[in-house]
Amino acid sequence: MQRAGLALTFAVLTLSLTSLAFSEQANKKNVDGKWETEDGSPTYHIAEDGTVDWYTYSGFRRYHSECHVCHGPDGEGSTYAPGLVQSLKTMSYEDFLLVVASGREVMRADKQSVMPALGDNHNVMCYIDDIFVYLKARADGVLPRGRPAKRADKPQAARDHEKSCLGEN
Amino acid sequence: MHKIALASAWLAVIAFAIPAKANDSVLQETAKPEQWALQTGDYANQRYSKLDQINRDNVKDLKVAWSFSTGVLRGHEGSPLVIGDIMYVHTPFPNIVYALDLNEDGRIIWKYEPKQDPSVIPVMCCDTVYRGVAYADNTIYLHQADTTLVALDAKTGEVKWKVVNGDPGKGETNTATVLPVKDKVIVGISGAEFGVRGHITAYDAKTGNRVWRAYSIGPDDEILFDPEKTMSLGKPVGKDSSLKTWNGDQWKIGGGTTWGWFSYDPETNLVYYGTGNPSTWNPVQRAGPDGKPIDHKWTMSIIARDVDTGVAKWAYQMTPFDEWDYDGVNEMILVDIPVKGQTRKALVHFDRNGLAYTLDRVTGELLVADKFDPTINWTTGVVMDKNDPRYGRPLVVPEKSTFLNGEDVDTKNICPAALGTKDQQPAAFSPRTNLFYVPTNHVCMNYEPFRVSYTAGQPYVGATLSMFPTPNSHGGMGNFIAWDAGEGKIVWSKPEKFSVWSGALATAGGVVFYGTLEGYLKAIDEKDGKELFKFKTPSGIIGNVMTYSHKGKQYVAVLSGVGGWAGIGLAAGLTNPTEGLGAVGGYAGLRDYTALGGTLTVFTLP
Chain A
146 MQRAGLALTF AVLTLSLTSL AFSEQANKKN VDGKWETEDG SPTYHIAEDG TVDWYTYSGF
206 RRYHSECHVC HGPDGEGSTY APGLVQSLKT MSYEDFLLVV ASGREVMRAD KQSVMPALGD
266 NHNVMCYIDD IFVYLKARAD GVLPRGRPAK RADKPQAARD HEKSCLGEN
Chain B
421 MHKIALASAW LAVIAFAIPA KANDSVLQET AKPEQWALQT GDYANQRYSK LDQINRDNVK
481 DLKVAWSFST GVLRGHEGSP LVIGDIMYVH TPFPNIVYAL DLNEDGRIIW KYEPKQDPSV
541 IPVMCCDTVY RGVAYADNTI YLHQADTTLV ALDAKTGEVK WKVVNGDPGK GETNTATVLP
601 VKDKVIVGIS GAEFGVRGHI TAYDAKTGNR VWRAYSIGPD DEILFDPEKT MSLGKPVGKD
661 SSLKTWNGDQ WKIGGGTTWG WFSYDPETNL VYYGTGNPST WNPVQRAGPD GKPIDHKWTM
721 SIIARDVDTG VAKWAYQMTP FDEWDYDGVN EMILVDIPVK GQTRKALVHF DRNGLAYTLD
781 RVTGELLVAD KFDPTINWTT GVVMDKNDPR YGRPLVVPEK STFLNGEDVD TKNICPAALG
841 TKDQQPAAFS PRTNLFYVPT NHVCMNYEPF RVSYTAGQPY VGATLSMFPT PNSHGGMGNF
901 IAWDAGEGKI VWSKPEKFSV WSGALATAGG VVFYGTLEGY LKAIDEKDGK ELFKFKTPSG
961 IIGNVMTYSH KGKQYVAVLS GVGGWAGIGL AAGLTNPTEG LGAVGGYAGL RDYTALGGTL
1021 TVFTLP
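Heads up: the protein sequence lines correspond to chains A and B, in order. Here my numbering runs 145 ahead of the position in the first sequence, where the first position is 1. Here my numbering runs 420 ahead of the position in the second sequence, where the first position is 1.
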């Protein structure tokens, strides 16, 4: 009985989480080609024909340049570092920013792993929202492994942000 | 002809004037077949043992004699050494060294664990691997991840001296073993993905004082190239041979790191090694002032240096203007073999770019350059006509040029992938068959370069790549092959499910050994590759197989402990884009076969 009760609670919890994710998707808005949730966190947008928004696509590229040499292809994890597809199921946008910018260190007898602080790395921080929304789409199970086949064009806002962030002409 | 005769006469004079004596200790210790006294087996990097107690008939009876947990979970490359009654076992970061007593089933005689700043961990590109310690004159040389070189008393583990070779704050790290030669220790450096400018350095073996340093790229007096005397493809390299092949100051963060193996020939008094990729991975950002490809010498090159002075005798660049991350650091195997009918003092090298090179190791003359995986498609081959202005250069297939296709374009189906047809996992040579036994990868990729900015100590990559098993082949990601380096031909090829990321061992028993990523130690027949024995060790094998003899009994040993580039790239399995968007599961992930954990397994006959 106890077990059944527990399972039921778990099922309800899962259900509410799922509907939460669903409503989050339903209530997002498009700001100059960049999608946001109600609370202002960046998020992905995948059209019915599979076309991903620019930032999700850009996140795919930046992830596979900056992150995959430790975290494995498609956020799947490796023998060296955890799979971010799992981590992003529970990690908030704010926590993600914090860990990427300031790093994280685990030093135990059975495990020594170090996430570097990437706060001053322009190749990461100028595209941090892109990487987040890509991984979020992967974590939510709506984006399969591999390169997104179709993408939206690069919005002017993305070009402007890139220029000012990288400090290039 | 006259010039060559003159040059060799001059060489002979030099050879007489400075007697070419290698470190007596290393020569003596590696000459004893009962020992494994150098990571590479011997100075020639042949990885061949004269032991023959384990042979093709009885190898099927091999049993585990004893095993040893290293206490470390990360990827375990390299192998133990055996000197006398002591076995020396190393680990990945934190780079522990154990001295084990072979008279007491591996009782720990001493253990050395350095204190290192863990901030070095994330600046190591692809796992905290370490390819093992070296031994000379009762000294164990440990080169730590943080580039500290430590000399330990081989009997007690006491520190004799320490010296720091690089700055991890700039992404300079170490994964390679060192080579003791004469009164020196030759040391390399890693970190091209962080824009590190590569070099090799000779330290005094007794004191740790720096004797010389030779950069891979930069001004002549820093790369130790003599414009008139250093040769490439039969001609002097000339003034500024490196500088004039770079755009502006890009060379200062230009890569060319030296994280592979070193070999040495006491006759030529030359140390041989290869240099890594130019940084960044985006070739468009490295183009010349006119926007055209430019060579980036001497990245991606084989270099032969005088061990006393560090001055280069010859160099040969295999992949000018790299567009695919085909580091040239793999081992240089020194053998005297017939090449197209004539016995030559050869150097044989299996490059990441998929070509196997045979050169004259005295002069650097290019003798053979052929594909050691027939599916290699980025080049049609190397120009071998000495009168052709393109002599010695690979001809690039335009559709596979990530430079021609340009930034933000995904160049598809390039074979091999960035991890190469072969990475650092060393091949073996058997003088019984005159064949090379080569662990290979059978993986292709899509590669998309884009613009990146440089920050010291941060990754400097600039490309997105996705890898997949070679299409229209056997579906596996590796082969173990036998190669005839005189003719440039594959003799036989044995398919493997995963890349073969373990160093091979050839023996006088006619048995060749290697490990697999699932964790099997395999023994095969030197003649035809027929599998004679296999045993599944506790974790995937990226270490190198070694053998030794103790109290008249032959043993075979290997470190297992999955990780490294292989563990990162293959853990989750690869997707095959030719099977449509996001096809997953067609190829098994390594994580379905094995988990982390460093163990030494020692085998013998009952």
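Hints were generated in silico from the structure; no laboratory data involved. All figures in this text were calculated on a predicted structure; none of them were measured in a lab. Hints are not guaranteed to be accurate.
[What the hints assert, rightly or not] Pairwise CB distance ranges, derived in the manner of DEER restraints:
id : chain 1 : residue 1 : chain 2 : residue 2 : range
1  : B       : Lys664    : A       : Gln231    : 47 to 57 Å
2  : B       : Glu648    : A       : Arg253    : 51 to 61 Å
3  : A       : Gly185    : B       : Ala1015   : 32 to 42 Å
Don't be surprised by glycine CBs; every beta carbon is placed ideally from N, CA and C.
Now the hints, each set against the structure:
1. B:Lys664 - A:Gln231: 47 to 57 Å: holds (50 Å)
2. B:Glu648 - A:Arg253: 51 to 61 Å: holds (58 Å)
3. A:Gly185 - B:Ala1015: 32 to 42 Å: holds (41 Å)
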